[in-house]
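There are 2 protein chains.
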Amino acid sequence: MRVAITESDTQKFTKNTNFTVAEIASRSIIKLLLKSRIQKSEIDGIIVSSNSFEPYLSNIIAEMVGIKPKFSTKVENLCNSGTSGILLAYSLIQSGLCNAVLVTGVDKQDSPGNKLNWDITRGIFDMPVHWASLFASNHFRKYGTTQEDLAFVSLKNHRNANKNPNAIFFEKYFTFDQIIDAQVVAAPLKKFDCCYPCEGASSVLLVSEELAARFEQPIWIIGISQSNLGASFASVNKILDGIVSTKIAARDAFSQSKLTPSDIDIAELHDAFSILEIMAYEDIGFVKKGEGKKMLREHFVYTNTRGGLLGCGHPIGATGIDQTSEITLQLQGLAKQRQVNNLKTGLVHNMAAAGTSTSIIILKN
Amino acid sequence: MRVAITESDTQKFTKNTNFTVAEIASRSIIKLLLKSRIQKSEIDGIIVSSNSFEPYLSNIIAEMVGIKPKFSTKVENLCNSGTSGILLAYSLIQSGLCNAVLVTGVDKQDSPGNKLNWDITRGIFDMPVHWASLFASNHFRKYGTTQEDLAFVSLKNHRNANKNPNAIFFEKYFTFDQIIDAQVVAAPLKKFDCCYPCEGASSVLLVSEELAARFEQPIWIIGISQSNLGASFASVNKILDGIVSTKIAARDAFSQSKLTPSDIDIAELHDAFSILEIMAYEDIGFVKKGEGKKMLREHFVYTNTRGGLLGCGHPIGATGIDQTSEITLQLQGLAKQRQVNNLKTGLVHNMAAAGTSTSIIILKN
Numbered sequence: 001m002r003v004a005i006t007e008s009d010t011q012k013f014t015k016n017t018n019f020t021v022a023e024i025a026s027r028s029i030i031k032l033l034l035k036s037r038i039q040k041s042e043i044d045g046i047i048v049s050s051n052s053f054e055p056y057l058s059n060i061i062a063e064m065v066g067i068k069p070k071f072s073t074k075v076e077n078l079c080n081s082g083t084s085g086i087l088l089a090y091s092l093i094q095s096g097l098c099n100a101v102l103v104t105g106v107d108k109q110d111s112p113g114n115k116l117n118w119d120i121t122r123g124i125f126d127m128p129v130h131w132a133s134l135f136a137s138n139h140f141r142k143y144g145t146t147q148e149d150l151a152f153v154s155l156k157n158h159r160n161a162n163k164n165p166n167a168i169f170f171e172k173y174f175t176f177d178q179i180i181d182a183q184v185v186a187a188p189l190k191k192f193d194c195c196y197p198c199e200g201a202s203s204v205l206l207v208s209e210e211l212a213a214r215f216e217q218p219i220w221i222i223g224i225s226q227s228n229l230g231a232s233f234a235s236v237n238k239i240l241d242g243i244v245s246t247k248i249a250a251r252d253a254f255s256q257s258k259l260t261p262s263d264i265d266i267a268e269l270h271d272a273f274s275i276l277e278i279m280a281y282e283d284i285g286f287v288k289k290g291e292g293k294k295m296l297r298e299h300f301v302y303t304n305t306r307g308g309l310l311g312c313g314h315p316i317g318a319t320g321i322d323q324t325s326e327i328t329l330q331l332q333g334l335a336k337q338r339q340v341n342n343l344k345t346g347l348v349h350n351m352a353a354a355g356t357s358t359s360i361i362i363l364k365n
Numbered sequence: 366m367r368v369a370i371t372e373s374d375t376q377k378f379t380k381n382t383n384f385t386v387a388e389i390a391s392r393s394i395i396k397l398l399l400k401s402r403i404q405k406s407e408i409d410g411i412i413v414s415s416n417s418f419e420p421y422l423s424n425i426i427a428e429m430v431g432i433k434p435k436f437s438t439k440v441e442n443l444c445n446s447g448t449s450g451i452l453l454a455y456s457l458i459q460s461g462l463c464n465a466v467l468v469t470g471v472d473k474q475d476s477p478g479n480k481l482n483w484d485i486t487r488g489i490f491d492m493p494v495h496w497a498s499l500f501a502s503n504h505f506r507k508y509g510t511t512q513e514d515l516a517f518v519s520l521k522n523h524r525n526a527n528k529n530p531n532a533i534f535f536e537k538y539f540t541f542d543q544i545i546d547a548q549v550v551a552a553p554l555k556k557f558d559c560c561y562p563c564e565g566a567s568s569v570l571l572v573s574e575e576l577a578a579r580f581e582q583p584i585w586i587i588g589i590s591q592s593n594l595g596a597s598f599a600s601v602n603k604i605l606d607g608i609v610s611t612k613i614a615a616r617d618a619f620s621q622s623k624l625t626p627s628d629i630d631i632a633e634l635h636d637a638f639s640i641l642e643i644m645a646y647e648d649i650g651f652v653k654k655g656e657g658k659k660m661l662r663e664h665f666v667y668t669n670t671r672g673g674l675l676g677c678g679h680p681i682g683a684t685g686i687d688q689t690s691e692i693t694l695q696l697q698g699l700a701k702q703r704q705v706n707n708l709k710t711g712l713v714h715n716m717a718a719a720g721t722s723t724s725i726i727i728l729k730n
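Just so you know, the sequences run in chain order A and B.
Following the working numbering, the numbering of the first sequence begins with 1 at its first residue and continues without gaps.
Following the working numbering, the numbering of the second sequence begins with 366 at its first residue and continues without gaps.
These aren't lab readings, by the way, just hints derived from the structure by calculation.
Source: prediction; values computed, not measured.
The reader is advised that the hints may include incorrect statements.
Unchecked claim - With a straight-line Cα cutoff of 30 angstroms, these simulated DSBU-like cross-link-like pairs (lysine-lysine) come out:
{"no.": "1", "chain 1": "B", "residue 1": "K405", "chain 2": "A", "residue 2": "K247"}
{"no.": "2", "chain 1": "B", "residue 1": "K653", "chain 2": "A", "residue 2": "K258"}
{"no.": "3", "chain 1": "A", "residue 1": "K344", "chain 2": "A", "residue 2": "K31"}
{"no.": "4", "chain 1": "B", "residue 1": "K480", "chain 2": "A", "residue 2": "K15"}
{"no.": "5", "chain 1": "A", "residue 1": "K238", "chain 2": "B", "residue 2": "K480"}
{"no.": "6", "chain 1": "A", "residue 1": "K142", "chain 2": "A", "residue 2": "K238"}
{"no.": "7", "chain 1": "A", "residue 1": "K289", "chain 2": "A", "residue 2": "K258"}
{"no.": "8", "chain 1": "B", "residue 1": "K659", "chain 2": "A", "residue 2": "K40"}
{"no.": "9", "chain 1": "A", "residue 1": "K172", "chain 2": "A", "residue 2": "K247"}
{"no.": "10", "chain 1": "B", "residue 1": "K480", "chain 2": "B", "residue 2": "K537"}
{"no.": "11", "chain 1": "A", "residue 1": "K40", "chain 2": "B", "residue 2": "K396"}
{"no.": "12", "chain 1": "A", "residue 1": "K40", "chain 2": "B", "residue 2": "K537"}
{"no.": "13", "chain 1": "A", "residue 1": "K115", "chain 2": "B", "residue 2": "K653"}
{"no.": "14", "chain 1": "A", "residue 1": "K344", "chain 2": "A", "residue 2": "K35"}
{"no.": "15", "chain 1": "B", "residue 1": "K701", "chain 2": "B", "residue 2": "K377"}
{"no.": "16", "chain 1": "B", "residue 1": "K701", "chain 2": "B", "residue 2": "K537"}
{"no.": "17", "chain 1": "A", "residue 1": "K258", "chain 2": "A", "residue 2": "K191"}
{"no.": "18", "chain 1": "A", "residue 1": "K238", "chain 2": "A", "residue 2": "K172"}
{"no.": "19", "chain 1": "A", "residue 1": "K238", "chain 2": "B", "residue 2": "K377"}
{"no.": "20", "chain 1": "B", "residue 1": "K405", "chain 2": "B", "residue 2": "K556"}
{"no.": "21", "chain 1": "A", "residue 1": "K115", "chain 2": "B", "residue 2": "K480"}
{"no.": "22", "chain 1": "B", "residue 1": "K603", "chain 2": "A", "residue 2": "K31"}
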């Protein structure tokens with residue numbers, strides 16, 4: 001049994017509105033269903049990915065959009081929630097329990113997922129930027145990566161976001177100089193090296209091979225994996241030389257898909273901080289360890305065409321879904337002004353909490 | 366691919382201790398693994414079912430117990446969280462993504478899952494007992510069910526709990542007169558017609574057919590289904606004549622298992638309120654509509670041998686797991702002083718929020 005993603009919708013990422021998470025998520029689902037070839041009555045699974053505290057959220061959303069699914073649940077796995085939901089939807093279909101599963105991710109700007117105060121191994125350095133700055137310092141020292149390399153990641157992703165109407169930085173233009181001269185947040189990371197927590201929702205529809213036949217351009221999940229090494233920064237990252245969970249999840253997903261990194265045409269990478277994109281190049285295997293900055297100059301893989309977390313903003317539970325939506329749209333040729341030509345395979349990289357967990361999804365048209 | 370439950374552990378249900386949900390859940394997992402034939406390194410999935418607000422809970426627990434699973438997430442689906450986790454674990458194994466998945470449920474007495482104030486269709490009647498009292502009144506009026514019938518459900522389940530060391534009412538004896546003369550909570554429901562929110566954790570291990578071969582008594586999941594009809598009381602329960610989600614989930618699970626209600630030897634039923642057990646008899650199909658009270662007198666199916674929610678207490682995220690654990694132990698012949706003889710098949714019935722969702726699991730030894 002093959003599983004496909006056929007449709008997606010993203011609601012514009014924004015700052016705090018007065019809408020509830022249930023309302024934002026419902027709007028995304030309604031938009032997706034309006035244009036769908038799948039009827040509401042055929043949707044037999046809803047998974048809601050969110051860090052919000054709302055109880056029974058998936059059933060509340062199901063009722064709001066008028067769906068009575070066989071299976072419904074909320075999942076929470078910090079920044080890795082979205083792809084956790086997609087992996088579960090894949091398994092519900094692959095196992096034969098469901099035929100069509102909606103996965104919707106949603107969070108508000110003040111999401112509880114922004115706080116890492118439960119991780120006492122971080123000491124007083126309990127903001128996500130603190131651990132990212134350690135990774136960046138180590139990469140600078142060990143591999144000669146520079147402030148300019150980081151700024152270049154941010155510039156690239158902001159330029160992509162300028163073409164994405166759903167991005168919080170849509171049509172907001174910054175120059176290289178503005179990025180590199182911005183204020184330091186936690187050295188060496190500056191303002192535009194850090195993603196912006198925001199509000200938003202994104203949905204994808206996963207269907208069985210049988211239902212996928214109704215669509216002209218189903219996008220197939222040919223590899224899907226996750227790796228969880230723990231929850232606390234210090235116990236997982238004893239050596240700051242890359243994200244180990246990314247290496248493991250990528251290895252497993254490539255093995256499942258029978259592809260190698262050189263087969264990938266386009267990728268969405270979890271650039272919560274600019275250094276993470278450079279490390280992702282290396283840990284996924286696009287380039288050798290330490291050569292991440294080289295890849296920035298050689299465009300053999302298109303990366304973060306939607307703008308990444310740096311350019312789109314980061315509505316925590318929605319991010320992994322919007323990343324997957326972008327790869328789906330690109331492989332379907334529906335990415336409008338962001339469209340890259342001649343794509344066959346794409347990859348999604350989504351992670352949480354100092355890289356303690358990573359999901360990798362490999363897609364093919 | 367068949368999926369089996371091989372082992373379980375339940376930590377004594379109790380009132381509030383100073384332990385965190387992560388600590389309580391971890392203790393349950395450690396106890397399960399101590400006696401297991403599955404090595405920690407073989408566990409490739411952890412699903413934590415909880416209504417608590419702790420972020421990243423499944424990864425925190427995984428780190429505390431020393432497991433680095435391929436897949437990890439927290440699920441929340443109110444009182445139906447536990448079996449939602451088991452259904453997902455089943456699908457992860459059935460789909461080939463995982464081989465051995467631990468499902469752990471945990472909640473504290475003051476769990477946020479106790480509050481239903483998000484359901485504005487309940488008006489000022491926002492406690493769970495309010496909707497149960499409506500169902501009870503309707504059953505009294507329509508089918509002649511009586512206060513004595515309800516008291517008899519409570520008495521039976523408390524007597525069973527007296528033999529269950531994990532139950533909050535272990536060795537706490539009440540007479541029929543004490544139960545029927547107790548104070549009214551929401552007429553016609555009295556004190557012992559209502560379950561007791563408490564603290565506790567319960568874990569089950571699901572494994573692939575290949576790993577199940579290591580065990581002498583794997584218990585096979587031969588039917589597993591869920592039905593979600595919405596979230597709000599009034600929009601789902603237009604007619605108060607039974608729990609519709611239970612009927613649908615039971616029909617689907619029986620269809621999958623190729624069994625009928627008359628094939629079931631033992632069942633754990635979601636008796637959050639005594640009337641719900643009588644309605645479950647009817648809606649699952651053990652007896653015809655309106656004949657629930659008859660079944661109380663005719664013991665053709667053993668019910669709630671662990672004591673039910675009425676006798677065990679109700680640590681929300683743990684309940685569905687402990688129900689499944691009880692059926693597993695009974696089918697394995699390991700239920701000690703509660704053991705029923707000559708069992709072949711068992712059923713778990715777990716639901717949430719005025720019956721807006723139900724899960725049914727059918728097990729076989």
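Hints, verified against the model:
no., hint, result
1, B:K405 to A:K247, "holds (21 angstroms)"
2, B:K653 to A:K258, "violated (54 angstroms)"
3, A:K344 to A:K31, "holds (27 angstroms)"
4, B:K480 to A:K15, "holds (29 angstroms)"
5, A:K238 to B:K480, "violated (42 angstroms)"
6, A:K142 to A:K238, "holds (16 angstroms)"
7, A:K289 to A:K258, "holds (22 angstroms)"
8, B:K659 to A:K40, "violated (40 angstroms)"
9, A:K172 to A:K247, "violated (34 angstroms)"
10, B:K480 to B:K537, "holds (27 angstroms)"
11, A:K40 to B:K396, "violated (44 angstroms)"
12, A:K40 to B:K537, "violated (50 angstroms)"
13, A:K115 to B:K653, "violated (52 angstroms)"
14, A:K344 to A:K35, "holds (24 angstroms)"
15, B:K701 to B:K377, "holds (16 angstroms)"
16, B:K701 to B:K537, "holds (19 angstroms)"
17, A:K258 to A:K191, "violated (39 angstroms)"
18, A:K238 to A:K172, "violated (38 angstroms)"
19, A:K238 to B:K377, "violated (36 angstroms)"
20, B:K405 to B:K556, "violated (43 angstroms)"
21, A:K115 to B:K480, "holds (24 angstroms)"
22, B:K603 to A:K31, "holds (28 angstroms)"
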